[in-house]
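Heads up: the sequence lines are chains A and B, in that order.
Take the first sequence: its letters are residues 1 to 280, numbered as in full-length UniProt numbering.
Take the second sequence: its letters are residues 1 to 400, numbered as in full-length UniProt numbering.
There's no promise every hint is true.
To be verified - In silico DMTMM-like links for lysine to aspartate or glutamate, alpha-carbon gap of 25 Å or less:
1. B:K137 <-> A:E187
2. A:K202 <-> B:E98
3. B:K113 <-> A:E184
To be verified - DEER-style ranges, computed between Cβ atoms:
4. B:D89 <-> A:G196: 18 to 24 Å
5. A:T183 <-> B:K381: 43 to 49 Å
6. A:T183 <-> B:I340: 47 to 53 Å
7. A:S121 <-> B:Y160: 30 to 36 Å
8. B:D286 <-> A:G68: 31 to 37 Å
9. A:L39 <-> B:K142: 46 to 52 Å
10. A:F83 <-> B:D195: 56 to 62 Å
11. B:D89 <-> A:G68: 49 to 55 Å
12. B:N8 <-> A:S121: 30 to 36 Å
Calculated from the structure, these hints are not laboratory results.
In this text, a Cβ means the ideal position worked out from N, Cα and C, and glycines have one as well.
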Amino acid sequence: MLDFIPSLPIASWVDDAVKWVTNTFEFFFDPVKDNFGWLLDISAEYLSMIPPVIVILLVAVLAFFMSGKKLGLAVFSIIGLLFIENQELWSELMYTFTLVLYSSLLAVVIGIPVGILMSKSNTAESIIRPILDFMQTMPAFVYLIPAVAFFGIGMVPGVFASFIFATPPVVRFTNLGIRQVSTELVEASDAFGATGQQKLFKVELPMAKPTIMAGVNQTIMLSLSMVVIASMIGASGLGRDVLSALQRAEAGAGFVAGFAIVILAIIIDRLTQNFNKSNQ
Amino acid sequence: MPVIEVDNLSKIFGKRSKEALSLLDEGLSKDEILKKTGCTVGVNRAKFQVEAGEVFVIMGLSGSGKSTLVRLLNRLINPTAGDVYVHDDNLSTMNKEELRRVRREKMSMVFQKFGLFPFRTVLENTVFGMEVQGMDKEEREKKATEALELVGLGSFIHQYPSQLSGGMQQRVGLARALANDPEILLMDEAFSALDPLIRKDMQDELMDLQEKMQKTIIFITHDLDEALRIGDRIALMKDGSIVQIGTPEEILMNPANDYVEKFVEDVDRSKVLTAENIMLRPETVDFDKHGPRVALERMREQGLSSIYVIDRTRQLKGYVNANDVLEARNNQITSLKEIIRDDMPTVEKETPIQEIFDVIHDSPVPVAVTEEGKLRGIIIKGTLIAALANVNGNGVEDNA
Chain A
1 MLDFIPSLPI ASWVDDAVKW VTNTFEFFFD PVKDNFGWLL DISAEYLSMI
51 PPVIVILLVA VLAFFMSGKK LGLAVFSIIG LLFIENQELW SELMYTFTLV
101 LYSSLLAVVI GIPVGILMSK SNTAESIIRP ILDFMQTMPA FVYLIPAVAF
151 FGIGMVPGVF ASFIFATPPV VRFTNLGIRQ VSTELVEASD AFGATGQQKL
201 FKVELPMAKP TIMAGVNQTI MLSLSMVVIA SMIGASGLGR DVLSALQRAE
251 AGAGFVAGFA IVILAIIIDR LTQNFNKSNQ
Chain B
1 MPVIEVDNLS KIFGKRSKEA LSLLDEGLSK DEILKKTGCT VGVNRAKFQV
51 EAGEVFVIMG LSGSGKSTLV RLLNRLINPT AGDVYVHDDN LSTMNKEELR
101 RVRREKMSMV FQKFGLFPFR TVLENTVFGM EVQGMDKEER EKKATEALEL
151 VGLGSFIHQY PSQLSGGMQQ RVGLARALAN DPEILLMDEA FSALDPLIRK
201 DMQDELMDLQ EKMQKTIIFI THDLDEALRI GDRIALMKDG SIVQIGTPEE
251 ILMNPANDYV EKFVEDVDRS KVLTAENIML RPETVDFDKH GPRVALERMR
301 EQGLSSIYVI DRTRQLKGYV NANDVLEARN NQITSLKEII RDDMPTVEKE
351 TPIQEIFDVI HDSPVPVAVT EEGKLRGIII KGTLIAALAN VNGNGVEDNA
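With the hints as extra help, turn the sequences into a complete structure.
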């Protein structure tokens with residue numbers, strides 16, 4: 001019945017668009033690929049050079065003090081990290097950590113200002129919200145393709161893909177946190193003659209901080225969940241071990257690498273949650 | 001020369017406000033305008049002047065536009081039409097920069113739910129206004145400390161708001177508003193969130209402060225008693241319009257129209273004629289913690305012949321009288337539980353006062369006012385009679 005509308009060549013339009021962007025912005029993508037790629041590699045290399053014992057101790061001490069001098073998380077960190085070292089996955093762990101670190105940093109540095117913008121303008125909110133929905137629901141594999149076109153294969157497109165997937169929560173939570181600040185406090189700050197900037201930094205951000213930190217926590221967890229997918233385009237780390245176990249149907253190796261990711265996730269999650277609590 | 005002059009000030013909420021405004025000028029009512037344009041009339045052509053050092057109360061029921069009106073005075077809400085003059089400066093035509101200067105230097109505001117920043121200490125809250133002006137740290141903390149001492153919070157400056165009671169929190173709100181010595185104080189239902197006894201204390205304290213400071217105060221309230229206590233003049237609002245402005249005496253004696261008359265009657269009757277409104281703060285001992293010695297000491301301090309006994313959740317348990325306590329102490333009895341009596345007259349806090357007469361006249365102890373079994377206050381014969389005299393004195397018929 002709808003035959004009179006010819007099938008629209010959307011797919012080829014998108015192909016053309018990706019090609020055009022790749023060629024036109026080569027001058028931007030290439031240096032990013034080289035320099036950022038170098039930074040990621042060097043960071044992971046340096047982290048791997050630190051003896052595991054020292055890293056484990058540092059994490060344990062950090063866990064002990066951040067969780068209010070309780071032993072639970074510290075003990076868990078020691079056992080978990082020793083397990084990873086024992087399974088000879090240490091340098092993979094460092095690569096995964098680097099990937100998570102940089103993609104979360106990027107997400108937070110860009111996401112919080114975008115969230116602030118969104119909270120201040122209803123127009124901005126109505127434009128940004130569907131973009132965030134798109135970023136979160138579009139299957140991750142789909143944007144691996146342009147990521148490779150832009151940045152080649154390796155860690156950089158991995159960070160890019162993680163960034164796309166992990167940024168929405170921190171943007172949303174920042175927006176929510178600022179919008180939730182009670183009218184009376186906003187009025188109080190206005191009534192005493194605060195400028196917009198003073199209001200933001202002296203009232204709104206401090207009030208929204210717990211919510212924003214919850215968003216940061218979610219962002220870190222999501223970028224961690226991307227490590228396996230990122231390994232499909234050549235990002236090193238624990239994800240690659242999971243992927244190769246999958247390809248060779250090695251249940252045991254897959255379990256070990258997957259378990260290492262879980263351990264890392266729990267440690268990072270509890271640490272960032274405590275960071276939130278200790279600052280309230 | 002008035003400090004604040006409000007002329008033809010209107011606020012209409014909604015998209016078609018211009019259209020609604022012209023309908024308003026044609027004399028249509030709030031309901032008709034809502035039906036025709038979907039716009040809500042917040043404030044309808046308000047007009048008044050406030051003189052220096054005056055306490056000007058704006059009173060109305062909820063939805064009468066009083067909170068909107070006070071926010072138009074410092075432009076937290078932008079007016080749809082009309083002018084607000086502070087001395088000779090027209091706030092309505094000011095740009096952001098000029099407006100900010102007026103808010104920083106001339107007027108400050110006290111909020112119903114206190115509006116304190118929970119992550120700042122009492123001192124940090126109090127310096128806020130001066131901090132945003134860029135006053136240096138030492139000077140602003142000195143001024144803030146003075147303001148806090150003025151409201152009796154000198155020793156709480158490093159606490160957080162959540163550590164203070166409601167009354168104390170509102171003192172911080174008051175100190176914050178006073179710290180920079182503004183000319184005008186806007187108080188939006190400042191005491192409405194406090195319980196009745198604390199509210200009365202705060203009203204008295206505000207009057208004491210006002211005697212010293214002579215600020216120009218705009219005070220918003222829905223409580224006629226409060227308006228009568230503190231107002232030099234009262235403006236009564238209904239549906240966004242000011243229906244009468246006058247001294248408390250004028251409002252009570254010559255209500256401008258049926259609405260005012262009804263308002264004055266209704267509010268007065270319901271306010272005056274319940275136990276809650278005339279009760280006094282009770283002296284108590286807690287029988288979980290206190291023994292005969294503490295009870296005796298308290299009675300001596302306050303000159304009482306009996307004292308009410310509660311448990312640690314403020315549940316009323318009874319009373320003890322001085323003779324029993326003295327005897328108990330001499331006999332080395334350590335618990336009040338053995339000498340407690342429970343034949344005291346008790347009323348709920350909503351009890352009308354004519355019913356209190358029946359229980360108070362032959363009672364040896366004051367009447368206990370309770371709420372869900374918890375002791376809230378006491379009533380003695382003197383206050384009951386004074387309350388009745390007051391009702392008659394106000395010219396309101398006494399149907400008690």
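| task | Could you tell me which of the numbered hints above are not met by this structure, giving the numbers in increasing order? | result | none
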